Structure formats: C-alpha cells, structure tokens
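Trainee: Given the sequences, and given the hints that come with them, work out the whole structure.
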Amino acid sequence: MDKPRVAIFDFACCEGCQLQIVNLEEELLDVLSLVQPVEWREAISDQSDTYDIAIVEGSITRPGDEEKLRQIRSRAKVLVALGACATMGGVNKLKNNFTMEDVRREVYGKDGSMPHLDTAPTKALDEVVKVDLKIHGCPINNKEFAYILRCLALGKTPAIPNYPVCVECKMRGNVCRYEYNEICLGPVTRAGCDAKCPSAGFWCFGCRGYVDDPNVQAAREVMEHYGKTMEDLKGRLLLFNSKQEATENVK
Amino acid sequence: MSKTIDIHVHHITRVEGHGNIVLRASDGRIEKLEWQVPEAPRFFEAMVRGRSFEDIQTIVSRICGICSVTHSFSCIKAIEDAMGIVVSEQTDKIRMLLHYSEQLESHSLHVGYLVAPDLLGQKSVVPLVKSHPDVVKTVIKLHRTGNQWMEAIGGRMTHPVTIKPGGFASLPTEQYLRELKKTLEGIVPDLKALAEVVLSLAPKLPAFDRDTEYVALVDPTHYSFYHGGIGSTDTKDLTPVRKFESVVNEYVTAQSTAKWCKWHRDAFAVGSLARFNLNADLLLPLAAATAKKLGLKKGCCNPYMNNVAQVVESVQVVEHSLQIIDELLTKGIQPEVPKVQPREGEGAGAVEAPRGILFHRYAFDKKGHCIRANCCIPTNQNHANIQKDFEALVPQIIGRPQEEIRLLLEMLVRAYDPCISCSTHYLDVKFV
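Sequence order for the protein chains is A and B. Per our numbering, residue 192 is the first one in the first sequence, and the count goes up by one each step. Per our numbering, residue -12 is the first one in the second sequence, and the count goes up by one each step.
The hints are all genuine.
List time: in silico SDA-like cross-link candidates among lysine to any residue, alpha-carbon distance up to 25 Å: (1) B/K354 with B/R330; (2) B/K354 with A/Y369; (3) A/K387 with B/E161; (4) B/K80 with B/E138; (5) B/K326 with A/H416; (6) B/K117 with A/S224; (7) B/K80 with B/L269; (8) A/K419 with B/K326; (9) A/K301 with B/R229; (10) A/K425 with B/D42; (11) B/K169 with B/I127; (12) B/K375 with B/N236.
Calculated Cβ distances over 10 Å to all of chain B for the following chain A residues: (13) R264; (14) V322; (15) D323; (16) N353; (17) V413; (18) K434; (19) E436.
Cβ-Cβ distance ranges computed for the label pairs, FRET-style: (20) B/K279 with A/P349: 50 to 56 Å; (21) B/T(-9) with A/D403: 56 to 62 Å; (22) A/K321 with B/D(-7): 35 to 41 Å; (23) A/K361 with B/Y238: 50 to 56 Å; (24) B/D224 with A/K361: 55 to 61 Å; (25) B/T170 with A/K361: 29 to 35 Å; (26) B/Q310 with A/D385: 32 to 38 Å; (27) B/Q328 with A/K361: 29 to 35 Å; (28) A/P254 with B/K(-10): 36 to 42 Å; (29) A/K194 with B/E390: 28 to 34 Å; (30) A/D309 with B/T(-9): 30 to 36 Å; (31) B/K326 with A/G418: 14 to 20 Å; (32) B/R330 with A/D385: 33 to 39 Å.
In case anyone wonders, no lab produced these hints; they're calculated from the structure. In this text, all values refer to a predicted model and were calculated from it rather than measured experimentally. Glycine residues also receive a C-beta, built at the ideal position from the N, C-alpha and C atoms.
Mentor: Structure below.
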C-alpha cells in the first residue's frame, strides 16, 4: 500500500496548532514515517498539487479564501479540520458579534473603508466545504493529533471523546473551579484535553467546543447552585463559541 | 546579452505566517522589489471590546501561537498598569522564568528547524535527521526543554493559562524548581554544542551591513526581556512604555498597504540583534563568552547575524534562569492568590517577544470590561526595515544567478524570524 500523501494548510489563525505538531519532536518523525508529507509551508520548502489527506488549520475570513479551501477540498480525499479556528471558528468568531464595517473602522481608523481591507464574517471550515474529521482544541492536543493521523494512515476511524471536561477533571482529582467562585465551561465542553487548564488552576474556556447535545439544564443548575447567572456563562462562552448553535440554546 | 530577473516567492516557507517576495529586474535595473504580507487580518483589537479583563489574555494569547507567552505578558502588564496593580517580587521572578522558556523554545525552533536547513543546503529539517543527526538531536533537546518548562509553569505548551492579573493561577513547587535547575544545568553542554554548529556555519552567513536603528527594552540592572523602558541605538534616553505610540509611529505607505513603523529614521529593527546591540554589556559571563566566540560585537548591523544573537540569547536566558531559581529557592515559594478589584482606567504593557518588542494597550470601564485595545507587534516594526535591507542588498548581489538571489532574500526574511500571524494590522496585498 502506498503511503497517503499529506498536505498541511493554514488560513486565519495563530499557527499554534501546527506548532503543536512540531512539538511532537521525535514522535513526529515516527508519525511522518507512516505518511508522505508533500506540502507544509511552515516547516518544509516543497509544494504540491496532489494529496490524499489535507489538514487545514484556521478560519475562513475572506471570500478569496473560500475559493482556496474549495480547491483544497477538490484535491483531497480526506479533509481534516485542525484546531478550534478550523473546527468552529474559535476566537476569530468573536468578530461576528460586530458589523464588519465596525471592526474595520476600529482597527484601521479612517483607512477602514479601503476596499482591500474587506473582511467577511468568520466561518468554520464546515460552513464552506465538507469536513471529514475534526481535531478539536486551541491549541490541539498533539497526542490526539498523532493518534488520529495514525488511524488515518491505517484506515481506522478514530474515537473522539464525547463527554464533558468535568469527567477528565474529576479523574485528575481537581477541586471544582466553581468552588473558587469562578465561571468554568467544563460542564458543556468536549473532553480530550485531559482537563489541562483546571488542573493548572484556571477555568475551562471551552476551546474544544460543545459536546454533542450539551446538557444545558445541568449547566443551569450548576449556575444556580453557585449563585451565577446564565449571562455570566454566556459571556465566557462567547470567547470560543460565538455564533455556535448551542450558544443560542443557552438561554 | 540582457539578463532578466523575475523572482516571485509566493508564501515564503519556513516562516510563521504568509509573506511574499517580489523582485523584477532587467540588465541590473531594479523595476520592482517588495516584501509583501497577505496574511488575513483578524481584528483582535475590535474583538476584545466588551470582554472582561479576566478574559482578555485568553483571547489575545491567540494572536500568535509561537509568542503566546509574550502576548500574555504584554496584555497582563497593560491590565495591571490600567488597574494600578503591583505584583510581588516572587510573581515578577516567576514570570521572568516562564518568559525565558518561550525565548529558548522559539530561538531553538528558529535557528534549528527553520534557518539551519538553508545553511546546510536542505529544504527542511527532515533530511537533516539523516545528514546531521547530532545537530538535530541537540536542537530537539533544547526545543523540548523550552516547551516542557513552559508547560510546567504556564500550565500548557502554547497559550499559557496560569498567568493572571496580579499573579499566578497556580505556582510552581520548590521541588519542580530544583528539577528545572538540574535540567537547565544539563543543557548547558547542548547550548555550547549549538554554538559550535553555528560557529562552523557562520561563514555561510552573507556579509551584508546596513547602518540601522535598533530598538529594544532597556533596564539598567540586567539584559532585559521583561522590564524597562524603550531604548534606541539612536538616542540615550529611554521612552516610557506608556508612550509607545510615539516610538512606533505606524503609517501606511503608497507602496504597500501594510502598516509600517519608523522612529528616528525611515525604519528600525527589533529582535535579538536589537536587544544585543542595546544590552550586550549586561550579558552574563557564559553568554558574553558565547558572543565573543561567535564574533558577535556590539554595533553589528548585519541582519543575518540576528540568528547568531539568538544563540547568544539562548545561553543568556538559561544562565539568568539558574540565578532566578536560586533566588526563589533561597526565599522559598510563598502561597499567593491574586485578587483584583476591577477599576476604570487605561494602561500599556511591553515585553520582548523572541522576535522583538511587543506593545499592548487597553482601556477598561468601571466593571473591568474592555472598551479599547491596541497591539503593536514586532514583525510590524521590522517590516519597513526588511524592505530597506532588500533595497540595499539587491544592488550588491544583482549580478548573481537568480536562484542565489532568491535564496539570499528568503534567508534575509527568515533571519528576522518574522511572525506574520501576529500582525493583526496587516492588510491584504494585491499580487503582481
């Protein structure tokens, strides 16, 4: 069997997820031995027009980028969204809480109306093309990346956690962040990060997005129990989950 | 015979973010020569409006994956300035320690993974695994050390979570600091080995000098990455960080739609070489010896030597960290819980990113919600200087083969270690 040809691309993002791939160090060489890397601008000089697996980081924020993404989609058998910007828009979707005219004026002042500054509301990749697989997180968990790439190379379907961060947080024996009078998004956020943030003394800010069908009622009960409001919860949910379906459900 | 040169490097590789190099010349006459940046702007300054001071770091850390610790610190310092918060000496020291982990991580990534392939005639670090296994092993060890150190104190590799206004969400234990001390002592031989490699490759760095204004944070007590005022090689006085807009003077040019910066001249440079040129006298002994060994002298204005300065700084941050750890262990880690009462105000913060000085400014309302933000990123500040370097360099090398010219221009851009995703101000550029 030929090794699958893999290409990595990026749109509007911080490239922190690609950095996590580099951070695999020796394990990266091991993972790369299962595939044939053909394009990866951040790390190698080669460029290519054909590939089996396209791994795409970043959000779509300009019409021209939609076209580029469609071209990548048409050349790839499997398209993988890498990280929160790609899977759900991430922090880039905070922009969608304002008008585009307003954000342009705020950042560029009087130059904001110039045509080359045009920007569109942020889209996750699956709002433009079909996405076959999502690697969640901001940044991604690179162990999960290695696992998923190995699955793809071997033709297996990876298992992605579909339970809330609270499960992993409890397993690590942490005291609940609500006991510290904080707003934590663990109850509605997809696990798979090993609850790194609450384990370091910081609340979960929801970078892996919602679990499928989040238990909004349970979240409401937690908020009531600790004397918080749903407005408090929504304020923090906006960071990574602006304009997501479930954001609208949290009422 | 007429000779036409047409170089169009679309999305230069092995840099963070998207940039293009355009050169068109015939018979030695330059018709077009531009460094362009087509990175999609993300409008962070607009997006943070309305968000609580407690959430700003979480958002703006995402301006850049490779300098997320630096963005976090510029942000937190600006918030603390706005709200009149003074942190403890312990917090200050642990922050420096965390900040140094990013310098080591980023410098070793840049020198080892992104620049070394040029000097060793390869397209990426991957073939180097076979051709130069010892070099790769050293680089991996240094890079991993930086990352694990960052994760241990910052809570995560990339986008730290322990940095809060007023202090830390969780503190490193004394046990960890003792382990870190051992680890850092253990990589000193690797740093020396890296310096040897760079020494052997240094003759391949182009000899190109252009008199340049260098700008960096300056603190009289130590080689600064985190403290101090804004210094320049063109002036003796330091400018307070609160007045950073009067230093960067962002402007729009007719040639490029990206915002550029200038201070005393038509461009200035920030980054390792700038810090070295302003602070070299304050280097610790091993770092100073490394600079001497590598032939790096104060006043150097060869931009390619920025990579050499990065190696010197890698030694400096490890050497200084060992001092800081000793100081922390002597006093013992005291439990501290940051408590902040939000208040109305405006403040600015600056720290040195691996690739140069980074400024943030925020204004908050009574509840601590952000009403205005401004970030000025090092790559923005270097942008005009890269163009000026191009304009000085190309006439010197125009007679060489096109491929060689292309490589020298790419290497020049890489030498600045640009971090283009950082540049929230960058505009879309039409290509020729």
